[in-house]
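Student: These are the residues of each chain, in order.
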Amino acid sequence: MSTSNFTRRGVLKTGAIAGAGVALPTIFTAGSASAFTNEPTGSTVKLGFNVPQSGPYADEGLDELRAQKLAVEHLNGGGDGGMLSTFNSKVLDGTGILGKKVEFVTGDTQTKSDAARASAKSMIEKDGVVMINGGSSSGVAIAVQGLCQEAGVIFMAGLTHSNDTTGKDKKANGFRHFFNAYMSGAALAPVLAKAYGTDRKAYHLTADYTWGWTQEESIASATEAVGWQTVKKVRTPVGAGDFSSYITPVLNSGADVLILNHYGRDMINSITQAVQFGLRDKMVNGKQFEIVVPLYSELMAEGAGEAIKGVYGSMNWNWQLDNPGTKAFVKSFGEKYGRPPSNSAQTCYVQTLLYADAVQRAGSFNPCAVVEALEGFEFDGMGNGPTLYRAADHQCFKDVLVMKGKENPTNQFDILEIVELTPRAQVEYAPDHPMFAGGNLGKCNPGA
Amino acid sequence: MLGLNKRDTKFLIIVILLTLFTPFLMQPFSENSALAQFNGGYPDLMAKVAIFGIFAMGFNILFGLTGYLSFGHAAFLGVGSYAAVWMFKLLTLNVFPAIILAVILSAVFSLLIGYISLRRSGIYFSILTLAMAEMSYRLAYSVLTPLTNGETGLQVRPNDPRILDSATSANYPNLFGLELSSSYKWDVLNHVFTFNVGYYFCAVIAIIAFYISMRIFRSPFGLMLRAVKTNQQRMNYTGLNPRPYTLAAFVISGMYAGLAGGLLAAMDPLAGAERMQWTASGEVVIMTILGGAGTLLGPVLGAGSIKYLENIFSKINENVLHDWFSFLPTGLQDAVVWVLSRFTGEGWALTLGLLFMLVVTFLPGGLVEGGQRLVRLFRRRGKPDGGDDPQHHPDPAPHVAE
Numbered sequence: 003m004s005t006s007n008f009t010r011r012g013v014l015k016t017g018a019i020a021g022a023g024v025a026l027p028t029i030f031t032a033g034s035a036s037a038f039t040n041e042p043t044g045s046t047v048k049l050g051f052n053v054p055q056s057g058p059y060a061d062e063g064l065d066e067l068r069a070q071k072l073a074v075e076h077l078n079g080g081g082d083g084g085m086l087s088t089f090n091s092k093v094l095d096g097t098g099i100l101g102k103k104v105e106f107v108t109g110d111t112q113t114k115s116d117a118a119r120a121s122a123k124s125m126i127e128k129d130g131v132v133m134i135n136g137g138s139s140s141g142v143a144i145a146v147q148g149l150c151q152e153a154g155v156i157f158m159a160g161l162t163h164s165n166d167t168t169g170k171d172k173k174a175n176g177f178r179h180f181f182n183a184y185m186s187g188a189a190l191a192p193v194l195a196k197a198y199g200t201d202r203k204a205y206h207l208t209a210d211y212t213w214g215w216t217q218e219e220s221i222a223s224a225t226e227a228v229g230w231q232t233v234k235k236v237r238t239p240v241g242a243g244d245f246s247s248y249i250t251p252v253l254n255s256g257a258d259v260l261i262l263n264h265y266g267r268d269m270i271n272s273i274t275q276a277v278q279f280g281l282r283d284k285m286v287n288g289k290q291f292e293i294v295v296p297l298y299s300e301l302m303a304e305g306a307g308e309a310i311k312g313v314y315g316s317m318n319w320n321w322q323l324d325n326p327g328t329k330a331f332v333k334s335f336g337e338k339y340g341r342p343p344s345n346s347a348q349t350c351y352v353q354t355l356l357y358a359d360a361v362q363r364a365g366s367f368n369p370c371a372v373v374e375a376l377e378g379f380e381f382d383g384m385g386n387g388p389t390l391y392r393a394a395d396h397q398c399f400k401d402v403l404v405m406k407g408k409e410n411p412t413n414q415f416d417i418l419e420i421v422e423l424t425p426r427a428q429v430e431y432a433p434d435h436p437m438f439a440g441g442n443l444g445k446c447n448p449g450a
Numbered sequence: 033m034l035g036l037n038k039r040d041t042k043f044l045i046i047v048i049l050l051t052l053f054t055p056f057l058m059q060p061f062s063e064n065s066a067l068a069q070f071n072g073g074y075p076d077l078m079a080k081v082a083i084f085g086i087f088a089m090g091f092n093i094l095f096g097l098t099g100y101l102s103f104g105h106a107a108f109l110g111v112g113s114y115a116a117v118w119m120f121k122l123l124t125l126n127v128f129p130a131i132i133l134a135v136i137l138s139a140v141f142s143l144l145i146g147y148i149s150l151r152r153s154g155i156y157f158s159i160l161t162l163a164m165a166e167m168s169y170r171l172a173y174s175v176l177t178p179l180t181n182g183e184t185g186l187q188v189r190p191n192d193p194r195i196l197d198s199a200t201s202a203n204y205p206n207l208f209g210l211e212l213s214s215s216y217k218w219d220v221l222n223h224v225f226t227f228n229v230g231y232y233f234c235a236v237i238a239i240i241a242f243y244i245s246m247r248i249f250r251s252p253f254g255l256m257l258r259a260v261k262t263n264q265q266r267m268n269y270t271g272l273n274p275r276p277y278t279l280a281a282f283v284i285s286g287m288y289a290g291l292a293g294g295l296l297a298a299m300d301p302l303a304g305a306e307r308m309q310w311t312a313s314g315e316v317v318i319m320t321i322l323g324g325a326g327t328l329l330g331p332v333l334g335a336g337s338i339k340y341l342e343n344i345f346s347k348i349n350e351n352v353l354h355d356w357f358s359f360l361p362t363g364l365q366d367a368v369v370w371v372l373s374r375f376t377g378e379g380w381a382l383t384l385g386l387l388f389m390l391v392v393t394f395l396p397g398g399l400v401e402g403g404q405r406l407v408r409l410f411r412r413r414g415k416p417d418g419g420d421d422p423q424h425h426p427d428p429a430p431h432v433a434e
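Going down the list, the protein sequences come from chains A and B. Per my numbering, the very first residue in the first sequence carries number 3; after that it's consecutive. Per my numbering, the very first residue in the second sequence carries number 33; after that it's consecutive.
Bound conformation, chain B alone:
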C-alpha cells in the first residue's frame, strides 16, 4: 500500500495506531492513585511529543543517513515559528497558511545555511552550523527586534490586521474555524482522557511526516545518503558528487524543523528567540541519539522520552518527595529526599544526562536497540537478526562524517 512493502505497511499502521491512541497510552494511571503524577496525557505534552517527533525525524534524515551532525537545527525551528506567527498576525489565524509559509521560509533559510556549511564536513560542518544558528539567535534576540520582538517574544495581539479574518472568526489558531485548543474530556473508570483537536492535527501531520521519511529511507536517494555516511571518499572516486545529495537532505531536514516550528506556534501562538538557542539545537541531537540515530522510529521515541522527562520529572518537587517517603523516619527521609530532589524538579536534566550516558554506553543504537534486544530475548530463536530487519541499516559508522 502507498508504495510500501508489506513489512513497512505493517510498521506504518502500528505507528498510526500508536499515535491515535496516545491519549490512552500516556494516561495509564487513574486520577486518584498516587501514580497520577506520572500521567502525561494532557494536550500540551502530547502535542509537544508529536511536534518534537517531527523535528527529530527531520534531523535524523540528515544525521542518521548522511552522518552530517548539524548543531544548528533549532534555527530552522525558530524561523518556522516566527513565520507562522507573522502569518497569524497579518493574514489569518487559520493554521494552514502559517504552516505553509513556515516550511517554505525554513527551506530557503536552510538552503542558504546548507550551501555555506556543507562546503566542509565533520567537525567543521558542525561548528559552522552552530555558528550560523547562534548568529540567527543573536539576530532574533536583539538586532531584528522590530521583526521578532526580541526577548519578549512575538505574540498575536487583538489589534493585528489579519486581513483574511472577519470580525466574527475565532480569536485563537484554528482549523477553518475549529479552535486547536478545544478538546473533549472523556471521564471513564476514574480516568480522564483528553482528546484535543490540536494534538490530533499535529498527530496527522506527524504521521504524514513519518510516511515521507519512511519513503526517503527506502528510496534510491536514501541509499545515496547512506553511501555518503559509509564512505564518502569511495563515492567521490566512483564519480559521484555527494554535495547535491547532502544539500537536499539538509534542506529536507530544515523543512521538517520549520514544520515543527510552525506547529509549535500553532499550538501556542508565541515565538521566542530562546527556541533558536544552541541548547535547543543540542536537544534534538540528544533526542535522535537517545532514540537511535538512523532508525525510523528512534528519533520519535527519543523526542517522546525527553519531553516526558522534562514535563513530568520537573514537577516532582521536594513536597511530593516528602509525601512519597513519609513512611521513613525523619532523618532518613530528609536524606533520601535531598538526594532524589537533585534528580527531579529543576534537576531533571541530571536524570536526562544519566539516562543519556547509560544509553550511549550500553545501547549505542539507542532505545530502539534496547527494544530489539528485548524482543530477541523473548524470542530466543537463536536466529541472528539482520537480513530482513526493517530497521536494517549499514554497519555502524562514526557519527561524524570524516
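Isolated chain A (complex conformation):
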C-alpha cells in the first residue's frame, strides 16, 4: 500500500510549490486600503460593549449594559439627552458620531481573561467595532486593553480598580475613567483613622488577582501611614462562594479590623458570612471589631443588605451626588429602567460619551487622533466635578467618595450615605509612583 516516489523532479516540484506557498502571505500583508482598523465607511459606526453577563460580577455587567444602551440612545438623539446637556464640551449634537448613527454589539466576558479576549476579538474581527467599552474586572480589563492595543482599536475601560490598569500594564490605546486602588487608600485612610483610631490591627482577605493584589498593597500602605498595623494578608480565589474557612482564622489572629478586598458576589458572600460569624459583635484588644470594604458598589450593598450597615468604603461616583450632571443622568436612567444607576454604570456611560466627544473633536475615528483628543482633556458636567484625563498614564483624576452603609435605610436603593467627598488634590500621585512604575504607554496603534 505504501508508495514513495522521491524522484529528483518530484523533490524540485515540491520545493517550488512550498517556496510559492511561503512567499504567498507576503502579498497579503500589503493589501489593506483603510488607514486604521475597522474604519467606518457606511452611515453607521459600531461600538462593542464587552461586559460580564455571567460569573461573580454579572450584576455589575448588566447594569453597565443598561447605561451603554442609554448612552447610544442619547448619542443618536433619542431620550432626553442625559448628560449631553450638562457636559461642558458641546460638540455632540444627537446626530450620532461625526454624523454616523451609532450601533452596538454586546459580548460576555464571563469575568475570565480568556473569554473576554475571545469575545473582544470577535467584536473586532467579525463585527468591525472601533471601540470597546465595559468590563468589571481588572484582570479582564488588562487582558482586553492589551488586545485592543494590538488590534488598533480604542479601549474605554469600564469598572477596573487595579493600579496596574494605568500603571504597570498601561497602554496607549486604553483609557480609564474609574478611580483606582491607590486613590481608595488615600481617601479612606484619614476617614478610618478618624472613626476607628490610629492603633488598629488589620487583617486582609484579598481576591487573588491583579485588582486584589494592588488594592491590598494600597490600603495596607495607606493605613500603615496613619499608624495601623497589618496582621496578615490572605488571598482567596475569585468566585470562591464559601469564605467561612477564611473567616474563622480572623477571630484568633488578634486583629480588630477586617479589610475585605473583595468585589461583586464575592464581597456579598464574604461580608455576609463575616457578620454571621459574629465578627462585628466582638470586642478585640478592648475595641469594637470593624469591617472595611475599600471598594463599594450600590449593587453589592443591595445584595449584602443588613450586613453593610456602618461599613466604610469608597466609590467613584454615587447617584446621590448633588450636581447637574448626576441629576440629568439619574433622571434619564431612572425613567428608563426604574432604578438609580450604579457607579460602574456611570463610568461606562461617561466613557462612551467621552469617546464620542473625542472623535467629534478630532474629526476622525482614527485611534491615534482619538488618543490625542483625550490626552490631557479637562472636562466637567459628567457627575464627578472637574476631571482631567492625564496624558502620562490615561487615568482620570477627580474627587473620590468615601461611603458608609446607612443605619436606617428608607428604601431598597437608599443604602449608602456619602461620608466625605475627598478632593482630587488629596488622591493625586506622580505617574512614576512606585505602585504604578514599570509600565510603558507605548505608541498609539491605529492597526491596519
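Note that these hints are calculated values from the structure, not bench results. From a predicted model like this one, the values you see are computed outputs, not experimental measurements. A hint or two may mislead.
Unchecked claim - Computed list of lysine-lysine pairs in DSS-like fashion (alpha-carbon distance at most 30 Å, straight line):
1. A:K48 to B:K217
2. A:K445 to B:K217
3. A:K92 to A:K311
4. A:K102 to B:K217
Unchecked claim - Derived list of chain B stretches under chain A, where covered just means 3 residues or more per stretch with a C-beta under 8 Å from a C-beta of chain A:
5. 84 to 98
6. 297 to 310
In this text, a Cβ means the ideal position worked out from N, Cα and C, and glycines have one as well.
Fit chain B to the supplied structure of chain A, relying on the hints for placement.
Tutor: Relative to the frame of chain A, chain B by itself:
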C-alpha cells in the same frame, strides 16, 4: 502517496481542500443580508476551529482508539499555552520555538500524569485524570502565581527580555517576521473574505496533525490501541502488556493538546488558568463525542460546530431576536423572543446541550454517522456499507474501558 492507500489519499486531499477554502465556506452569506449574522469566516473563529480540531483529534487518539476517557486533557492545553508564552517572553516572538517547547513540555507532563493515571482503567482512570487536571488548574491559578500570573493571566510585555529579538523585530507573534495577525481582505460580490496568516499557519499544522493521526489509525500500533478498547482482558491473556501502548497513546494525545495550546497562545499571546479548568476538559470530550469518537474527521467536525455555536449563537441577543420577529404582534413577539433568548446569547450552552442530547440519542456515532446515513439515503443502493469503509472501526464498544 505518503504511505496512504488510494482511498485515504483522496480523503486527505478532500480535508486539505476543505481547510484551504474555509474562508469561503464559513462566509456563505453576503454582507448586507439578514443572514450575515451567521457568517463565521473571521480569523479568530477559523483559527479556533483549526486549533480545537487539533486538540480533539489528539483526544480522539486516546479516547476513540483505546476507549480510555480522560477528563483532564485541558491541563496539557494549558501547559502548552504557558510554555509558549514564556518562550515569547524570554526568547523570541517567532512562533516556532514557542510551539516546539509547548509540545515537548506537554509530552513530559502527560508522561508523568499518564504514568500515574494509567495504573487504573475505566471510571477510576477518568477520575484520576480529572483530579490531576484540577490540581494543575489550582497550581496555575494561585500557587504558581509567579510563573503563571494567576487569574490575571500570563501576558507578553514590552519590557520582556526576548533575547533573540532585535529592537526592530515585530512586536507580535510572527513567522520569521510575518505577523500572524496580518490578513488580506478580499471584497467581492458583496462578500468579504478574510485570508489570515495565523489561520493558514494553524491550518497547515492541523493538516499535518490530521495526517499523523491518519497514519496512527491505519498502523499496527493503532490496531493494538483498538485491541485495548475491544477486549483488554483477552489482550492480557494473549501475553501482551497493554500499558506501553496506552501510555504512548496518552502521551501522543497530550502532545496534540500541547500543540493546540501553543497555537492558541500564538494566535493570542495570553495564557489564563481558566483554559485548564475541568469545563475545558469536558468541552473536548463533548467535541469528540458530538463529532463521532473513533472516526478521523468526527472530532474536527465536533470542534468546529461547538466553536461556531459558542461564537455565533452567543451573539444573538434579545435585540437581534426582536429585529427578526418584528413582524409578529407585540405580545406574541415578546413571548417568542423570551423563549428563544433562553437558547441564544449567553444561553447558547443550552442549545449545545440539546444538540448533544439529540446526537447521543439518535446518532451514537456522532455527526459523522449522520453524514454517512445521509449519503446512504441518497445512494439507495441497498448494499450494506462496511468492508471497505475508510471510517471502519470495530463494533461499538462501551466508551469507558472496562
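Student: For each hint, tell me whether it holds in the structure or not.
Tutor: Outcome of the hint check:
no., hint, verdict
1, A:K48 to B:K217, "holds (19 Å)"
2, A:K445 to B:K217, "holds (26 Å)"
3, A:K92 to A:K311, "violated (41 Å)"
4, A:K102 to B:K217, "holds (24 Å)"
5, 84 to 98, "violated (count 0)"
6, 297 to 310, "holds (count 5)"
The structure shown violates the earlier hints numbered 3 and 5.
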